[in-house]
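Participant: Listed in order, the protein sequences are those of chains V and Z. In case it helps, the numbering used here puts the first sequence at residues 1 to 158. In case it helps, the numbering used here puts the second sequence at residues 1001 to 1785.
Quick caveat, the hints were computed from the structure, so don't treat them as lab data.
Below are the DSS-like pairs computed for lysine-lysine, each with C-alpha atoms no more than 27 Å apart in a straight line:
#1 K1721(Z) with K144(V)
#2 K1568(Z) with K1589(Z)
#3 K1568(Z) with K1622(Z)
#4 K1089(Z) with K1172(Z)
#5 K1561(Z) with K1589(Z)
#6 K1013(Z) with K80(V)
#7 K1561(Z) with K1611(Z)
#8 K1589(Z) with K1567(Z)
#9 K123(V) with K1443(Z)
#10 K80(V) with K92(V)
#11 K80(V) with K144(V)
#12 K1762(Z) with K1147(Z)
#13 K1432(Z) with K123(V)
#14 K1172(Z) with K1311(Z)
#15 K1762(Z) with K1451(Z)
#16 K1696(Z) with K1318(Z)
#17 K1013(Z) with K144(V)
#18 K1721(Z) with K151(V)
#19 K1181(Z) with K1402(Z)
#20 K1133(Z) with K1273(Z)
#21 K1172(Z) with K1407(Z)
#22 K1565(Z) with K1589(Z)
#23 K1611(Z) with K1596(Z)
#24 K1133(Z) with K1061(Z)
#25 K123(V) with K1451(Z)
#26 K92(V) with K1013(Z)
#27 K1696(Z) with K1048(Z)
#28 K1147(Z) with K1696(Z)
#29 K1402(Z) with K1318(Z)
#30 K1762(Z) with K1447(Z)
#31 K144(V) with K1432(Z)
#32 K1447(Z) with K123(V)
#33 K1013(Z) with K151(V)
#34 K1061(Z) with K1273(Z)
#35 K1721(Z) with K123(V)
#36 K11(V) with K80(V)
#37 K1622(Z) with K1567(Z)
#38 K1721(Z) with K92(V)
Since we're looking at a predicted model, the values are computed, not measured.
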Amino acid sequence: MPSVAMTVNGKAASGEVETRTLLVHFLRENLRLTGTHVGCDTSQCGACVVHVNGKAVKSCTMLAVQAEGAQVTTIEGLAKDGTLHPVQAAFKEHHGLQCGFCTPGMIMTAVDMIRRIPNLDEKTIRSELEGNLCRCTGYQNIVKAIDAASKEMKGAHA
Amino acid sequence: MTAPVIGASIRRKEDHRFITGQGRYTDDINRHGQTHAYFVRSPHAHAKLRGVDTSAARAAKGVVGVLTGADLAADKLGGLICGWMITSKDGTPMKAGAHPALAVDTVRYVGDHIAIVIAETYGQAKDAAELVKVEYEELPPVVDPAKAQSDATQVHAEAPRNTIYQWEIGNKPETEAAFAKAAQIVKLDLTNNRLIPNAMEPRACVGEYDDATSGYTLYVTSQNPHVARLVMSAFIGIAPEHKLRVVAPDVGGGFGSKIFIYAEEVVCTWASKKVRRPVKWTAERSESFLSDAHGRDHVTHAELALDADAKMLGLRVKTIANLGAYMSTFSSSVPTYLYGTLLSGQYDLSAIYAEVDAVYTNTAPVDAYRGAGRPEATYVIERIVEEAARQLKLDPVAFRRKNFVRKFPHQTPVIMNYDAGDYDASLDAALKLADYAGFPARKAAAKAQGKLRGLGFSTYIEACGLAPSAAVGSLGAGVGLWESAEVRVTPTGGVEVFTGAHSHGQGHETTFAQVVAGRLGIPMENVEIIHGDTNSVQFGMGTYGSRAAVGLTAVSRALDKIEAKAKKIAAHVLEASAADIVFENGEFKVAGTDRKLAFHEVALNAYVAHKFPTSEIEPGLKESVFHDPTNFTFPAGTHICEVEIDPDTGVTTIVSFTAVDDFGNVINPMIVEGQVQGGIAQGIGQALLEHGVYDKDSGQLITGSYMDYTMPRADDLPSYKLGFTVTPCPSNPLGMKGCGEAGAIASPAAVMNAVTDALGVKEFNMPATPSRVWAAIHRTRAAAE
Ligand code: FES
Ligand code: FES
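Chain V with its partners taken away, still in its complex shape:
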């Protein structure tokens, strides 16, 4: 079995995997980082989104061995020193989650979206969420949360 090493949430992580092992399974099974979820088998739900080298990636579409040497951030690594990331805080404030299953992927997607697109509006947020499914919320409060976080983060940088 090949071994793989990467940096996950700022810490060195390594393990033995099968070549067919997906990054999401390496994170969940080997590292027990179960915040990243699996919601489908066709790379369409986005429950598994993590950041690899600063970009949002569906970790079910990537082999663990492809992440060799990469910097990976999962939902568990988003809050810093016990302080929630503004996107996490906004999801709570605007009731952007119900069962919470899609939430880690939604938040990781949102963080990436806000980083990439300076002026988000409702239409852009909705189209950017194309790769993330939520069955509970009807998306309205997710959109609201992302919009609020984006405005807040812009304010903080201005």
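Since chain V is already given, all that's left is putting chain Z with the ligands on it; use the hints.
Facilitator: Same frame as chain V, now just chain Z with the ligands:
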């Protein structure tokens, strides 16, 4: 005292763990020595099993065990059950075929379970499953519910003509008489499309046998762990209830699909003793599509009789309900008592007669999905009412108002007794919010742009709580539908609430805590809500049918008892008479004096037990209640949908969606709005996007992945305009009604009334996908030429 807690949009207590990745869902649980399971499933819709050879799979790398239906039968385990007995109109009981957890001699739908392969890793189990050699003798499947009763294929020998029951409700002679004297009769054919629930968390379980205690533990994605334990114990016979612990940890959405007791959890629990290791299974999404219980799937003909003054005289309905290849846990009740009883809608109708034939087909079992029967009923009544207004050339609002129920209580001809409501109030508020008056101008403006605008109403009513136990028992339910609550006060004044309700997105950890904190005048942080584990909670019926109000009433009644006992203790400590003790803002006071005790001081006294006679008052502070509701609760309201259709592409855009709901008193408006938004999204999904389709000839599921089954995405949906009106529910002390399903119940009819308005057609089946809308536009144009 600070602002009231009950009725405030308090942010959710449970959110922290979910937004930081610390939720604990079933697939996150890993037990020591755990193995992994994969199920061998039928690739055929209908076949005889001529042989199942597991020898090669058993010899494969990492395999711990392979078990089949023969092994289950050898252990004399019972099959899966349907817990609601329906009696046909001829007095005979429903005709159900056996439902073994692993098929014995026949497979009846694509995805039917044949064997479990258990291995050290999931990959090994899946690889070895390919080595199980199954010899099939293929049989022709029957797929279409409308043809099931005349098809040569018999799904179960026990049910001739594939007919499980032929049920009726209402008053037939009165209805015939109403039609005989009608000035006008409006007729409509409708289908209610098959939906696949698709909670984002796939079903999963871990079964574990402990030799030391000879007990089992099952971790499972369930909305009702106690019901799962009862069924697995009393009917399937895995272990007595006291030797079976069922834990439903965080559950990632249910919408009904996680009520039912499924083959996989039964087999994994049983297998854990066979292999003496914990056995874990998690569905791949493809398996969810194949084997989760689906929803809806009705074919209906409806007729409405009207007098010359547009007053509704009578309604008759004939429905064929597809229950799939086996009867799932509550499937029989959905197209009957959850459907026929709501056919009166918000209208004063004295004559209703409905007949429902439930049929077997070679498709996945069909059972309750968000709304369960009530969306189907609302779709029938609200589509035919809108159609009647069009045929009579009446404003749909005026026509509805002419027929609204306005006196309460109101007894319908179909069992339900509406206790309170004000249908004009929610209609008025919705008309304003939707700017109904401005619609003709908007329609004209759209027309000038070459677009088709339409507007549709749905003035719905539904019934929640599911409900007085004796009442449901007399209707065939195998269970009572009360709920339990136990409130334990700790010696330092913390409060633990053990509830039989289960939260899988509804936010009970917050709303239940609000009720406790508001009532006892203590901080929310001092309240812990415990649910989902049969080892903690004595018994409970779980969460479905928007029945958390039943659980909350149980909590509220347990708090009554806590307060009564605490008053007695406070009286002794304060050396006053119990009658003089008042409880306000978390303090027990002697009326008219400044002598008082804080809640936590009384709690401590209750446990120390130094200052009251323990011969009269037991030490400790803990009370429990089993609350049986006295009626359903009846949320009602108005949804208005406005669509614009592009005739060149057939794309339907929802330009505005308005919902005004009457949920009685609301505990947490933020959470209620979230429930409505999610429900509407599922209803719009049904109306415009979603459709579970089986190939008519092969019985293959054509919509078996997110490539083919169109889930609503963020850019398919608008933001909704929501409003609330309040008529408190008279049957519970908090005056609340259920709110979890109304969105999904009301919205499909509103959307389809808008689509048919825009297209100017009478009948149009859901989902209104672009290709079907485009085809309809071109059919109409061709006919006009
Ligand atoms: S699990 Fe990765 S997209 Fe669904
Ligand atoms: S919150 Fe449940 S799937 Fe999004």
